[in-house]
Amino acid sequence: MAITRVNARRLTGTLALVLASAAALAGCGAAKVDTAGGSSPAGSASAAAGSAAACGTVNIAVNPWVGYQADAAVVAYLAKNKLGCTVVKKDLKEEVSWQGFETGQVDAVLENWGHDDLKKTYITDKKVAVEAGPMGAMGIIGWYVPQWMADKYPDITDYKNLNKYASIFKTSESGGVGQLLDGDPSYVTNDAALVKNLNLNYKVVVGGSEAALIKSLQTATDQKKPLLFYFYEPQFALSKLKIARVSLPPYTAGCDAVPAKIACDYPPYVLDKVVSTKFANSGSRAYQLIKNYRLTNDQQNLIASYIAEQNMSDDEAAKKWVDANPDVWKSWLPTG
Amino acid sequence: MTVLVAAPGLRRPSRGVLVGAVLAAWLLLFVALRGQFTLSAGGPTVVPTWLQHLKDGADGQRNTSPLFLYGFNEIRVAIDPLFTNVQGFFLRLGWLGCTVLAAALGLVFAGWRMMLLALAGFLAFGVLGLFGESMDTLALTLTSVLIALVIGIPLGIVAGNSDRFQQVLTPVLDLMQILPTFAYLPLITLCFLIGPASAVIATVIYAAPPVIRLTSAGIRNVAPATTEASRSLGATRWQTVRHVQLPMAKRTIVLGINQTMMAALSMATITALIDAPGLGKTVLKALSREDVGAAFDAGLCIVILAVVLDRVTTAASQRAADIGRSGRATSVTARPAIALLALVAVVVAAQLPRLTARVSLLFPDGWVHPIRPAVNTASRWIELHLFSTTEAIKNGVTYRLINPLQTLLGDSPWWLLVLVVAALGYVLSGVRIALAAAGCLVGLPLLGLWPSGMITLASTLVGAVSAMVIGVVVGVWTGRNDLADRILRPFLDAGQTMPAFVYLIPGLALFGATRFTGIVAGVIYASPVVIKVVNEGIRDVSPSTIEAAVASGSTPWQVITKVQLPMARPHLLLAFNQGVIYVLAAVIVAGLVGGGGLGLDVINGFSQVSLAGTGLAAGIGIVLLGIMLDRITQGAGRRRAGSDVALGAH
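Chains A and B, in that order, are what the protein sequence lines are. Residue numbers are given in the working numbering: position 58 of the first sequence equals residue 58, and the series is strictly consecutive. Residue numbers are given in the working numbering: position 510 of the second sequence equals residue 510, and the series is strictly consecutive.
FYI, nobody ran anything at the bench for these hints, they're computed from the structure. A couple of the hints might just be wrong.
With the Cβ distance kept under 7 Å, some of the chain B side facing chain A (calculated, not the full set) [claimed, not checked]:
id: 1; residue: S232
id: 2; residue: K285
id: 3; residue: N395
id: 4; residue: T514
id: 5; residue: V593
All C-beta atoms in this analysis are idealised placements derived from N, C-alpha and C, irrespective of residue type, glycine included.
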């Protein structure tokens, strides 16, 4: 029994240590938390702490491609430094971000690619989100080959000839047929259905990310290796890497109504912004900023290249662009 | 299983011959039937479609159905603040407060050496520029461990006192432990959505088994006479538990807490996939940007956190045992003074930022020196100069091993494969196992996941065999050489505590986003445990047997191949079993970086609403594959070494 008593005393001592320090901190900290932290420690401990006097906290979803990262960088920089908001960036996949409108984890999506089904669910049916207008850039999705391939095999840019070339696109991962390299599994894509419905001798191989796509394109360009891949604009990497689009059967309205039966090209996308209904109604100055925010493809590509090619942090890239282009963003800020 | 151990090759042809015969028959039939009865289109999609409806239905009713309103949502709402409070506590403590608190706890519980370790570790988080992320991961881990203990210790106590309860519980715990961490996530998000609360729940499920098992084991190890004596002195059942069983089982229970903590840490990083904050998120982001340097920094923080938590809790449990044995703490008198001092230090450290502007709550920017740039430079150099070499290795293994095996699995009639699995199960482990394993495999076509399952299976088998080769070579070496064992052991211990996640990083740097990367990660992940088990098997061979062999003129090679390895056979089987389970876990996670198969299906399920059904099905598919592989490879010995083997208690 003596043993237990000794241990018990020790344990109590240590517990007291933890509890007392907790109490000491909470006691002194409480008043400050209210003034500094705003609503709650909702974000991660690593989230930047800023003064949040007039604006409160904005949760911005960041989808996994550098162009979007650039959008978020600029909006977050302006919200923090010009409006005094606390910005929490959340790295989420596209469709998961929409779920966040419902759970309250996400206030804004800055670059939405279509997603009419999600708009129906979350905007029309559940009414937890609302549109906040186009974000300025135009989105293009398609199939591409490096430019040298189009020069060498001029007819390769027609999907009808792809089967003829299938054997040169074989890789260790494509199981005997040609490889069509895709990006992040969460990207908007009809590629599996397209391959099947156009009777192409290809297999969709998921590279896993935008970075994997760009790296493969770089290698394919440098070493003249064949590559057929899914790609999109706005895209910063295209300032250095030249590519040629493969034409698919043209897009007509409604040809992509049934996902499993799609046999036509991707539509052009008017990229837009979506925010949670709560955020839109909150009267937050950040909402005005996001509503007014607009970038052209070239502007976004420039900021993205700061981040991806010049290795700047999000804030550095945003600052460089913001300092150089005051006339672009001045009109975004809420008046008054 | 007893049959196997008792009769090595007496009553029927040796198992090796039988296994060979089954495989030969498979090859012959494959040649004859190749390409027929395959399920290359995936098979029926009834189950994924149904699961998709289930998911859509759940999404529609989240705020209306009583099951959600009073069930899942309540749990979610109850757990969320738990995590947020721990996280907020660290946030208010600031980097200095957290560091000093960690050091103080290390000092009080585990001595000054551990204080220095904790201090160095926490400073390293800051220097690597990931202090906040590390604290988030720590908060998630601690919250989960807390819940796991609150649930686990009582369950363990009941299981320790009731044979019937133990019998019911054991298979459930077995299942919880062999499942790759990925498999729960889709199901959890179905009930609890994404976010920290779901992450905590997933982590608790994964981390609770060790403490339940070891609490029960500890109580069972208390001599029955002691318990009876206590009862006969008139103590109630509760008094016996509290004053006799728990104190005497304390050391084993603390070991369980240690293992639970390690398991929690490894799961907590993976839950980044369902939007949990912390280091896992950093790794995930870096993987998706192929930023090897950033992933390396975060991976290093996970490693450091694992080492600190492991060492400090181990030292604390040893100290508890020492005190227990001597009956008196070595420094009982000094202790209150130390504790008081530590307390003062913590409070001062935490209040400093509020008293002087020169100390910030955030780690000083000037001290941050991540190794990311250096790693990225190295990684680019490798890419530039070793590309042809790494490419050749990757292609060689892929074309010679992975692809042929995948063809063999995928182009065989599906029922042939089921028969092969049943036959192997029967030969290796008996009728019941054969039926169970074959039953699991039949589940894959029912789920519409045959092709993905075969990709995962092929990668797992290649990885497991490779890990086994490495394990036998290194295990025999360390088993025969004490010095090598002593040098290698800390690395193996550390290697075993890492989440599979971390091992994708070097694989990605060298081999890009391919299946091969997943296999490499799996081999690195599985090797420590395989080496340890083989090593133990070699060491278990009685010295007199070896002396007799040497005296009769055997060369060292003959001793190894004719005496040590055959006698270590139960351990070799166990090592292979563990290797398969570990490699499977890593191969699944590799779905993130081009690994394909079921892991990719799970990730697709998270990413695209329309694929959620397939994702759920893939979670179940992974479970089935895991059980099948476990059952077939189980052979002799797994339960012999006790339940804790799976987590490396050796």
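Holds or violated: is the Cβ of V593/B closer than 7 Å to a Cβ in chain A? OK, holds: V593/B within 7 Å of chain A, min 5 Å.
Using the nearest Cβ pair, does N395/B come within less than 7 Å of chain A? 5 Å, holds
Given T514/B was flagged as interface, is its beta-carbon under 7 Å from a beta-carbon of chain A? 6 Å, holds
Tell me if the interface restraint on K285/B is satisfied: Cβ within less than 7 Å of some Cβ in chain A. The hint holds - K285/B has a Cβ within 7 Å of chain A, the shortest such distance being about 5 Å.
Interface restraint verdict for S232/B against chain A (beta-carbon cut-off 7 Å): 17 Å, violated
Hint violations for this structure: number 1 only, all remaining hints satisfied.
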